[in-house]
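Going down the list, the sequences are from chains A and B.
For the record, in the first sequence the residue sitting at position 230 is 230 according to my numbering, with numbers rising by one throughout.
For the record, in the second sequence the residue sitting at position 66 is 66 according to my numbering, with numbers rising by one throughout.
Quick caveat, the hints were computed from the structure, so don't treat them as lab data.
Heads up, some of the hints might be wrong.
As the list claims (entries may be wrong) - Straight line, CA to CA, 27 Å or less: simulated DSS-like cross-link-like pairs of lysine-lysine:
#  : chain 1 : residue 1 : chain 2 : residue 2
1  : B       : 112       : B       : 132
2  : A       : 125       : A       : 48
3  : B       : 132       : B       : 75
4  : B       : 242       : B       : 351
5  : B       : 242       : A       : 125
6  : A       : 125       : B       : 351
7  : B       : 52        : B       : 152
8  : B       : 132       : B       : 152
9  : B       : 335       : A       : 125
10 : B       : 152       : B       : 112
11 : B       : 132       : A       : 125
12 : B       : 52        : B       : 210
Each chain is listed here by its residues.
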Amino acid sequence: MNWLLDLTPDEWNAVRLSIKVATVAMLASLPPGILIALLLARGRFWGKTLLNGLVHLPLILPPVVTGYLLLLSFGRRGPAGAFLAEHFGIVFSFRWTGAALACGVMGFPLMVRAIRLSIEAVDRKMEAAAGTLGANPLWVFATITLPLILPGLIAGAILSFAKAMGEFGATITFVSNIPNETQTLPSAIYTFTQVPGGDEGALRLTLISIVISMLALVASEVLARRVGRRMDIE
Amino acid sequence: MTLSVDIQHRFGEFAVEARFDSAGRLTALFGPSGSGKSTLINLIAGLIRPDKGRIAVDGRVLVDTEARLFVPMHKRRIGMVFQDARLFPHLSVAGNLRYGRWFTPSSERYAKMDAVVDLLGIGHLLDRRPAKLSGGEKQRVAIGRALLASPKLLLMDEPLASLDEARKAEILPYIERLRDETKIPIVYVSHSVAEVARLASDVVVLAHGKVAASGPTEAIMQRLDLLPAEERGEGGAVLETKVLHHDEAFGMTVLASQAGEIRVPQLARPVGATVRLRIRARDVMVATEQPTGLSALNILAGTITAVRPGIGPTVEIAIDCNGAIVLARITEQSKHTLRLALGRQVFAVIKTVSFDSATTGAGLTVEADG
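Just chain A, same shape as in the assembly (with noise of 0.2 Å):
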């Protein structure tokens, strides 16, 4: 055990940033995930295909691509990354801001599907009833749709944060692999693997991961089946 969690700095650096940047990534893909999968499953709108497309896109492409795309338009020189820096001073180019929306745009195709499957169980009766007892669209969403799709949304939560804990393609090809700053668990255990006997850290920071991934699996586990239980659809 001592062996396990006798880290150095650098290694627990790598842990905690990890951590960070995952949550992060799922926090922040949460409302536009929402959004999105609201669109997708209500939403009838010329380039509704066109969208779904666009949000599948970074499962289907190989993750170099995605994360040098986002070095195009993100980067100091990209559009969006010069305008961001510009008018906002977020900057994401080789900060753990930039794992971080790798992470997210990794991970958003698999919390859009997990919402909007959910959206589109919803029985909108439900909703219907909610407005003649005088709640407007808004307060609608709100007390029922948003707790009914609870269950959906933790799934996405979960699935957007277990793909950033294991995000490197698209991460390294974006923000590089510099210990503290963009040095995710997996990055670390890849530089681990290139130097010569680095295969006992190596193996730390994966045992690590496991856990990490056990952990979130259960929690995701616990809290649907609470939800779950309490919601108890005939």
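Once you have looked at the hints, place chain B on chain A.
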């Protein structure tokens, strides 16, 4: 309350073109499935936007396509009870009941939690989840939820249609209390003669998306031709009666009506209570002389005021018994043999055991038909 509807709406093959006004305590929209009654109630609730027309409640215009006016459903303050209760599964019964209160301006909140819970007998259910309720309980909670939003009008869309007979009998008295003890006007959609005859003060009959007739329940129920084919056997006169006394020895209740005393199987109602009695036309025999040596206990004297062709080889005879109309359905042959015609003095004969809980609207202490 006055409800005034004049709308045209079509989707696909189906078109609704309805125009009626009602000021009734409980107005029934009555007709077979596919007659447009649910569409109509959804239009009133604001769940559907009509192609053309106008709907107003107490002078407040809810829709007027010509004036490009459409009040969205959440601003209408019209309560709705759906056939499939539609309780929110993520809230407890109490949470469901309180839901509408949030959105009601406090100055317009007239419904009191305790009173409504009491009225519907749901006090013991408050902590439960909707999934743990029976069909009848769900529907009572749904009624309570609609009431607690303090609506100006309550719509009920076949609230009993998905329940079995026992559950229906459980809920009907609560709807009667709602009608008699609150001031909220109710519009009630139904395809059942038994429910309409028992509950409604006014009836709007719909057929093929159009209004076939409208008026007070007693008058509409006389028109057997308006009833859907499968419900025609249930049609007949509706009389307002009062419990005169109970005949404990023979297990009967004697009701006083304008047509005379009527004996029915004993009712669980106190002396003096009003009972709305439906006398199925098929249960009424016609005699040209005062019958003797007959087991039937109810013999009402009257004059024939109408003879109408019925379904198949039958005729419908309307008999004016001291101002109250009793309907009889008899065969063409009987009419011929007895030479029944307008103005003829006759006797309407009704067996006591032909009354049951569906026609007396009150729990019988002993079910007569079994």
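Which earlier hints turn out false for this structure, listed by number in ascending order? Of the numbered hints, 3, 5, 6, 8, 9 do not hold.
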